[in-house]
Amino acid sequence: MNPRRLLLAASLLVQACGGGEETPPIVEPCAGDFTYFEAKIWQPILSVKCVGCHNEQGIARGSRLVLAAPSDPDAARKNYPVVRAIADTKLGDQSVFLLRPSMTHPDGHPGGNLLPVGSAGYQALATFVRHGEGRCGPDVATTSCTDTTVGSRVLRRLSRSEYDATVEDLLGVPSAYGQSLPPDVVVGGFDNNGAALRVGPIVAEKLGVAAEALAAAAPLAKLTSCADDVTCFVKAFGKRAFRRPLLDGEISRYAKLGDARTVITAMLQSPAFLYRPEIGKNDATLDPWEVASELSYLLTGTMPDVALFAAAESGKLATKDEVVAQARRLLKDPRAARTMARFTGQWLYVDRLGAVAKDPATYPELTTDLKSAMLSETQAFVDRTLRVGNGTFRDLLLAEHTFVSPGLAEYYGLAAPGDDGKVATGPLRRGVLGQGSVLTVHAVAASSSPIHRGKLVRERLLCQKLPPPPPGVVVQLPPFDPSKSTRERFAEHSKNEPCRSCHRLMDPIGFGFEAFDGIGRARKDDHGHPLDTKGEIVATDHTDGAFEGLDGLAGRLADSPDAQRCFALQWVRFGYGVDDEPETQCAADRVTTAWAKGGMTFEALILALVSDPTFLARQGDLGGPPAPDAGVPVDDAGASDAAVPAPPADTLVVTSKRDDYGTGYCDYVTVKNAGASARTWSVVRSPEGAITSSWKSKLVTTATAWTFTGESYNASLEPGGSTDFGYCAKR
Amino acid sequence: MAPPLARRQLLLGLGASLLAAPFTSLLRTPARADGGKRARRLLVFFSPNGTVHGKWRPTGGEKDFAFSKGSILEPLAARKSDLVVLDGVDFKGFDNHEAGMNGMLTGQGTLTHEGRGASVDQYVASKIGAGTRFPSLELGVQTSAWGGSRQTRMCYSAPDKFVPPEDSPRNAWTRLFGDLGKKPGEVDALLARRKSVLDVVRADLADLRARVGVAEQHKLDDHLDAIRAVEKTLTTPVAASCAAPLAPIDLALQDHKNFPAIGRAQSDLAVLALACGLTRVASIQWTHTVSPTVFSWLGIGDGHHELSHKPDENAKGVADFVAAERWFAEQFFYVLDKLAAIPEPDGSGTLLDTTLVVWAKELGDGRLHDAKSVPFVLAGRAGGALRTGRYLKYAGEPHQRLLVSICQAMGLSNLTFGDPSHGAGPLGGLLG
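Respectively, the protein sequence lines represent chains A and B. Using this note's numbering, the letters of the first sequence map in sequence onto residues 1 to 731. Using this note's numbering, the letters of the second sequence map in sequence onto residues 732 to 1163.
Quick caveat, the hints were computed from the structure, so don't treat them as lab data. Take the hints with a grain of salt, since some may be wrong.
As the list claims (entries may be wrong) - DEER-style ranges, computed between Cβ atoms:
| hint | chain 1 | residue 1 | chain 2 | residue 2 | range |
| --- | --- | --- | --- | --- | --- |
| 1 | B | ARG959 | A | SER252 | 23 to 33 Å |
| 2 | B | PRO1042 | A | PRO81 | 37 to 47 Å |
| 3 | B | GLU1044 | A | ALA690 | 28 to 38 Å |
| 4 | B | GLU1044 | A | ARG731 | 21 to 31 Å |
| 5 | A | THR702 | B | ASP1068 | 56 to 66 Å |
| 6 | B | ARG959 | A | VAL306 | 51 to 61 Å |
| 7 | B | ASP1068 | A | ALA703 | 28 to 38 Å |
| 8 | B | SER927 | A | GLU688 | 55 to 65 Å |
Said to hold, decoys possible - Listed next, the in silico SDA-like pairs over lysine to any residue satisfying Cα-Cα at most 25 Å (straight line):
| hint | chain 1 | residue 1 | chain 2 | residue 2 |
| --- | --- | --- | --- | --- |
| 9 | B | LYS988 | A | ALA373 |
| 10 | A | LYS657 | B | PRO890 |
| 11 | A | LYS256 | B | ARG959 |
| 12 | B | LYS892 | A | GLY200 |
| 13 | B | LYS786 | B | GLU805 |
| 14 | B | LYS988 | A | TYR349 |
To be verified - Derived contacts from chain B toward chain A, CB cut-off under 7 Å, selection only:
| hint | residue |
| --- | --- |
| 15 | SER880 |
| 16 | LEU936 |
| 17 | LYS950 |
| 18 | ASP953 |
| 19 | ALA960 |
| 20 | GLY1032 |
| 21 | ASP1033 |
| 22 | PRO1074 |
| 23 | PRO1076 |
Just so it is clear, the structure is predicted and the values come from calculations on it, not from any experiment. We treat Cβ as the ideally placed atom computed from N, Cα and C, and that holds for glycine.
Build out the structure end to end from the sequences listed, making use of the hints.
Okay, here's the thing in structure tokens:
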């Protein structure tokens, strides 16, 4: 125990209990720690964000943090020693009280990233933790990100839409071959994830078919001025196809193919065409050709144009100023509208509108044409508001106008739009969340759905993840009963504890959308019941509170730092093609800060993205000489284990995602070697329940520890290499 | 441009040499030399969101079972003697939508297990698919509106590596029959050109591989494997003797109204690809777990996933779900009927006699998200390996044993498949 802990005069506190059992005295590490706890930790954070799960009946009752309810007048005093002990518990040199709610604990946090590193709540926790170390001074900033925490070196395969756009620019012929590839793997909602996009047999086969057909259709005379000189063609066309000058070996290799069409066929299947390298040089900075592609694909979704190639050629793209200047130029390029449409479609899932399942008997009005009009509306609105108009996130949510076809205006009951499609919506249908595409996708087949709409806000606008429904619970609502309002039917969720712990995060937000039916029409009543659009947001950093209707919700989100940071994070995910690695969060913090400094305009956001260190530099190993077993899958590397020296402990980065079902959970764990030499790994977890299955690891269990080590094929990690494993347990 | 698409004799494959090969060599593959009985083909049929056991279970015993009136399997009654209905086969240690979809065919295998994390269809294809143009054929019906994920994919080549289905009948037709009409001389020249192109691609891959870190090297190794597979497809001499179908009409692939028509076209293509010897392993994946498909053609308004959660007290909801499930049973029946209509050239019966058909689901009771008694139905005599016309009730057998039985019915001898920790060996009493 810390010798500097003070005994606080307990008499006042004992009085609060009204006699009865003797209350133990409170032990404070710093004078005023309990007061600090009550005012800065318990009331604003724990009693709001945490106690919903962390209570004796809650979903997190099996954790160390079990809190007395706010309804207990003595709650702060009862909870103080519990929380003090957790704050004093360290994993390495960091308190678990900081690690858990910020999702930086190796075991993650089933409740999600409630207090991101650097947030105000996190700072308060950090101060409380420091008190336990005897550091009783005022708050200081705490962050685990540095200014140069950047993502990994990566090869990014062209997505389906990038493939088609690139081929069209490269050859001048239309292409739908990209769209005929199997749909890309979706990570975090986006289809351009650098790690997930790969070339498997089906893709390779289809790319081959496409390459032959495109080469046959290519207008050779327009591509180069090389006539029949194959070497000339290889150099000139190759520089555009590979988005960089060719190496000598490549020139001779391709020239041997003999004719231009065969060269095109091969180049369209080459990894130099299919992947955008963001690999860089030995010092980790990306080369100007890589940066040219980065800019081009981020902003226009296709290969660099003449001006970008020229900037790369001259070496100017190595500087931030030139990158910013090019980004400003490309933002005005009409092709950037395509990128905006892709972002919008995937961010809000409105690109699923074409496949949305609706009951034609309930909603005969929802024709294919109407769905197209709705999607066009949202794409035009976001593009014109943000990119063309250089608007802000507030504008996106609060605009009292939209851009629609005359038919859609009539459907909404709005006035006829002007020639540019612009029409006033008034506050009821304001902003992007009031548009038919969003309201139709986020509903069920025959009615509105507070769950789906609340989930949209929680996951896509606040960037908080939600677990799946627990097994063994009948999750269906009672059948539609015209005598009950939607809110009454959903009240079941708030009565039933396993449901309530998650549905309180969704349903009360979704109620705010109840003025709209399942296909985005405004309604005056809820099947004969008066509309009740009162809603509430809970369990956020800065966005909590009650609101009324879409108008109120949009207002709350528009000014919310949580929602603003989330929007920046979505652009980091989409723009960099990354999942939620720790580096992603660091980049999102920096981009959010730079965006705010730039006045929160959309241009400021894009310039923050391209000015971030991530855009010009990467970390991780380079290939060097090929390994002796190059080309052989790493399957039976058992023998190499012995050769791997014992590594320093801090080179292992362990991140974890948990699916929690209440009565059980599954952890999906990623282990990455961030050190400079190869190493083996092991991960130790505190037992929580009984393991029912584990995979991709060997497991040794004792009463106090579950120890996972790699299987023969994934025990050893190269520098920068990673593997994953997982397990499920019942509580 | 594709040539005119009249019905005509089909000459598939590349390389003039194959023209001399007997067209039906594959179809004449004899039974194993040791006299063992085995299936020549495997067809996996998937439909999502579990079942309602009370409306699914047959009545009666192993051989005198029946499908009660209005029950989910009743549409299969006319083919009862071709079926084995499996009750009491569980997924052990995992449940819920995503894990169910992921583990259904993989048995939750990892790289150290038999199958190395692949799904059973891909494993079987790797063992018996070498002689066919396509080691396996994956066809889908509206599987991909949500992109590729563990929810939308069931076939795996390795842990976390999807083998995606083709959702477009038109694309599938082009892939299967698109080389129709090329002259042998053209084919040889094309083949030589493809070979030299792929050699260049391989050299580029090696160059790039030397410049990147380990994670990206793995990505390029996968790419290289894919190139090898393509080359094999392009150079495997295959001949087949059957009538090429007309190209399927273009359908709006994501429109729910087209679900039946797309599924019918994919079923026809799968059966035809098997009949023509283009592949020995095929799958038809009807949508995906959590599927929101609205069965509007049956007058049902709710999405399939919503229907799958209707509790017993919601009689109308359960009735709608049963109607949707009966519709899937009719589609399964259609596939069986198609197979039964095609005679084996060697006189050994029909394709249904020599094929193993597996109707798989990813959950047990969809209402509970659990995976107890996952409603598997097997069909086809599997070349004599499967004793059909039975209703088998197990007491919670791990489904990995079913996967082993599937392998063994295909003539393989592995004793485990996927995660073996819940039990090894085949399901007792199923085969033989």
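Hints, one by one, checked against the model:
no., hint, in the structure
1, ARG959(B) to SER252(A): 23 to 33 Å, "holds, 24 Å"
2, PRO1042(B) to PRO81(A): 37 to 47 Å, "holds, 44 Å"
3, GLU1044(B) to ALA690(A): 28 to 38 Å, "holds, 34 Å"
4, GLU1044(B) to ARG731(A): 21 to 31 Å, "holds, 29 Å"
5, THR702(A) to ASP1068(B): 56 to 66 Å, "holds, 58 Å"
6, ARG959(B) to VAL306(A): 51 to 61 Å, "violated, 38 Å"
7, ASP1068(B) to ALA703(A): 28 to 38 Å, "violated, 59 Å"
8, SER927(B) to GLU688(A): 55 to 65 Å, "holds, 58 Å"
9, LYS988(B) to ALA373(A), "holds, 20 Å"
10, LYS657(A) to PRO890(B), "holds, 18 Å"
11, LYS256(A) to ARG959(B), "holds, 21 Å"
12, LYS892(B) to GLY200(A), "holds, 9 Å"
13, LYS786(B) to GLU805(B), "holds, 10 Å"
14, LYS988(B) to TYR349(A), "holds, 21 Å"
15, SER880, "holds, 6 Å"
16, LEU936, "holds, 5 Å"
17, LYS950, "holds, 6 Å"
18, ASP953, "holds, 5 Å"
19, ALA960, "holds, 4 Å"
20, GLY1032, "holds, 3 Å"
21, ASP1033, "holds, 5 Å"
22, PRO1074, "violated, 32 Å"
23, PRO1076, "violated, 29 Å"
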